[in-house]
Amino acid sequence: MAGEALSRPDGRAGNQIRPLVCTRSLLSRADGSAQWSQENTTVLAAVYGPKSVTGKKENPEYASLEVIWKPKSGLSGKFEKEAELIVKRSLESIILAALYPNLGISIILQVINDDGSLLACAMNAACAALVDAGIPLSGLIAAVSCGVTVNNEVVLDLLKSEEQKNVAHVCLVFPSQPVSVVLELPSNVDEKPEKQGFITCVMRGAMDVDQYLTCVDQGRAASAEIAKFLRKSLGQSQVWALLSFLL
Amino acid sequence: MEVEAFKRLYPLPFYERYLDSSVRPDGRPLGRARPTSVSLGAVSTADGSALVKIGNTTMLAGVKLEVMVPSQETPDQGSITVDFQMPPICSPLVRPGRPVEAASVISEQLSNVLTSSELVNLSELCIAPGKAAWMAYLDVYCLDADGSLLDTALLASVAALAHLQLPAVSVSEEGRVYPVSSSTSGDVSMEGAETSIKVKGNSISPRRRLKLGAAPFALTCMVHKKHLLADPCAEEETLLQCSITITMNQMGRLVSFYKPGGAVPATTAIVKECISLARRRAREVQQILKEALEDHIESPSLMQTD
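If you read the sequences in order, they're chains A and B. For the first sequence, the residue numbers in the UniProt record's numbering are 1 to 247. For the second sequence, the residue numbers in the UniProt record's numbering are 1 to 306.
Keep in mind that the hints were calculated from the coordinates and are not lab data. Don't take every hint at face value.
[What the hints assert, rightly or not] Here are the simulated SDA-like cross-link-like pairs (lysine to any residue), alpha carbons at most 25 Å apart as the crow flies: (1) B:LYS53 / B:GLU294; (2) A:LYS81 / B:ILE80; (3) A:LYS228 / A:SER138; (4) A:LYS160 / A:PRO71; (5) B:LYS211 / A:GLY205; (6) B:LYS272 / B:SER203; (7) A:LYS232 / A:LEU27; (8) A:LYS57 / B:ARG98; (9) B:LYS7 / A:GLU61; (10) B:LYS53 / B:TYR10; (11) B:LYS226 / B:GLY31; (12) A:LYS72 / B:LEU239; (13) A:LYS57 / B:TYR10; (14) A:LYS57 / B:LYS226; (15) B:LYS272 / A:GLN196; (16) A:LYS57 / B:LEU12; (17) A:LYS56 / B:LYS226; (18) B:LYS211 / A:LYS195; (19) B:LYS272 / B:GLN287; (20) A:LYS81 / B:LEU239; (21) B:LYS272 / A:ASP217; (22) B:LYS7 / B:GLU237; (23) A:LYS78 / B:SER91; (24) A:LYS81 / A:ASP114; (25) A:LYS195 / B:PRO88; (26) B:LYS272 / A:GLY197; (27) B:LYS53 / B:GLN85; (28) B:LYS64 / B:THR81; (29) B:LYS226 / B:LYS53; (30) A:LYS81 / B:PRO88.
Sequences and hints are given; from them, build the entire structure.
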């Protein structure tokens, strides 16, 4: 809608997300790494593990997951602690941790720049880094932020200035199940793509219930696009890796 | 004895048996919250305080006021600092020394909910624009952590802020703030609808209650397979893993929807059911809080502080 396009600082339509860039294997020491950018919001993620852990972290049934969130500058505070927990809990739902009992997986998230939708960007970076590290996953996740403006419009992928100005915004994480080629696999019949639930939801500011449900619907549609991009980008670099191996 | 052994060895199947017959081991139906009580003025040294119990979970909240010079950007606003503490007394999982992860997460959530809900209009905390304003320290202590911590902490905070009274003070021209003795402040508040009256060049703001916006109330639900459990205790929280915390204000507006991961994705059906549970709970808690406030005002002897 033309009216919505004018209301956003960078001229995007309400349901338009920023261009995505995903680069993997940037760090040599990490087992997997990825940098995820949504225009000016950039997060670098590194994955170490599965590696041995000691003490309380060691679990005889599951690999323990540790998430470390490093802010752009300064020391970690409560916000970082909360973000660590949210990322950790969200990723736990896709990592097949039972395959590595007594071991640990560390994910380090370094914020490079924050121009809104930081949590969503970090979540996507972490997911790409996990794939890069070859950690077995049950599926991918795709995170997106969604907000309600003062004019009661629902907008996707907010800028920092929009986050501060808007009534409320919410970060949603949706699962993206693998496309199965095996027919016998139980397909999630009751979870059609258009009715898929979210794994994580974090909200700032107050909104009406109807607005919230609209946000979830819009976020779901956008997350499908993000997941599609992630899959494509992961597939592409696989081809490159294979080519460089052959040459 | 055999039941006890079954519970210890297979805690999850033990719970699921209960859930399948739509009841919980403590006898509650799935959607019902535990008995809730609010008592105001529990800390006599604080300017406003409340002790809240939801089941066994107990939280003590206190508000302490201090005078500060407002910042340049917001000369007519005071400020609120929220702190949530989980001392070792509250749970076996907490050890002295490093604060637990849960405490900083709840603290962050609590201040987020309080700002999102616009419960306190910060201009209410102004004494003299540009010169003096109230700085309110809201401290919430967890005395017994038995699940649904955010719900209880939020209710305690709201109750403490509702109980808060801003003391009568006089402000000189230079912005110095002096306390006014209770007798004179009584006269002033009797006299006029005006909030500040000039006496000998000093403006006096009378003792008053803080005007609050629509109060937010939270409800935590656990999602397990197809079941939805409202207001879980600590045992249920550790066992069932996947939680959703919904905060709604008394106008039915959604203040926060917090779901930090978990095995079960929240489908639209679950979201709607949670919201209707939270809405019902908000009404229930609002009634409890209202009764507590009315009881408190009816017995004015308790109101005499300082």
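Checklist line | Pair hint LYS57 of chain A and TYR10 of chain B, alpha-carbon separation not exceeding 25 Å | finding: It holds: about 23 Å lies between the C-alpha atoms, which stays within 25 Å.
Next item on the list: Could you grab the alpha-carbon distance between LYS56 of chain A and LYS226 of chain B and see if it respects the 25 Å cut-off?
Entry: 32 Å, violated
Notebook entry, point to check: Is the straight-line distance between the alpha-carbon of LYS53 of chain B and that of GLU294 of chain B 25 Å or less?
Noted result: Cα-Cα ~18 Å, so holds.
Check: Is the hinted pair LYS226 of chain B and LYS53 of chain B satisfied, with a Cα-Cα distance of at most 25 Å?
Finding: Since the Cα atoms of LYS226 of chain B and LYS53 of chain B sit roughly 29 Å apart, the hinted pair is violated (cutoff 25 Å).
Note to self: Against the 25 Å threshold, does the CA-CA distance of LYS7 of chain B and GLU61 of chain A hold or violate the hint?
What the structure shows: 20 Å, holds
Item checked: Hint consistency between LYS72 of chain A and LEU239 of chain B [alpha-carbon to alpha-carbon, up to 25 Å] -> Cα-Cα ~36 Å, so violated.
Note to self: Given the hinted pair LYS272 of chain B and SER203 of chain B, is their Cα-Cα distance within 25 Å?
What the structure shows: 52 Å, violated
Next item on the list: For the pair we were handed, LYS57 of chain A and LEU12 of chain B, check the Cα-Cα distance against 25 Å.
Entry: 23 Å, holds
Check: Given the hinted pair LYS64 of chain B and THR81 of chain B, is their alpha-carbon gap at most 25 Å?
Finding: 10 Å, holds
Item checked: Given pair status - SER138 of chain A, LYS228 of chain A, alpha carbons within 25 Å -> Holds, because 16 Å separates the two Cα atoms, which is no more than 25 Å.
Check: Can the restraint linking LYS211 of chain B and GLY205 of chain A be considered satisfied, given a maximum Cα separation of 25 Å?
Finding: 20 Å, holds
Note to self: Just to be careful, I want the Cα atoms of LYS81 of chain A and PRO88 of chain B compared with a cutoff of 25 Å; is the pair within it?
What the structure shows: 20 Å, holds
Of the numbered hints listed earlier, those contradicted by the structure are 6, 10, 12, 14, 17, 18, 25 and 29.
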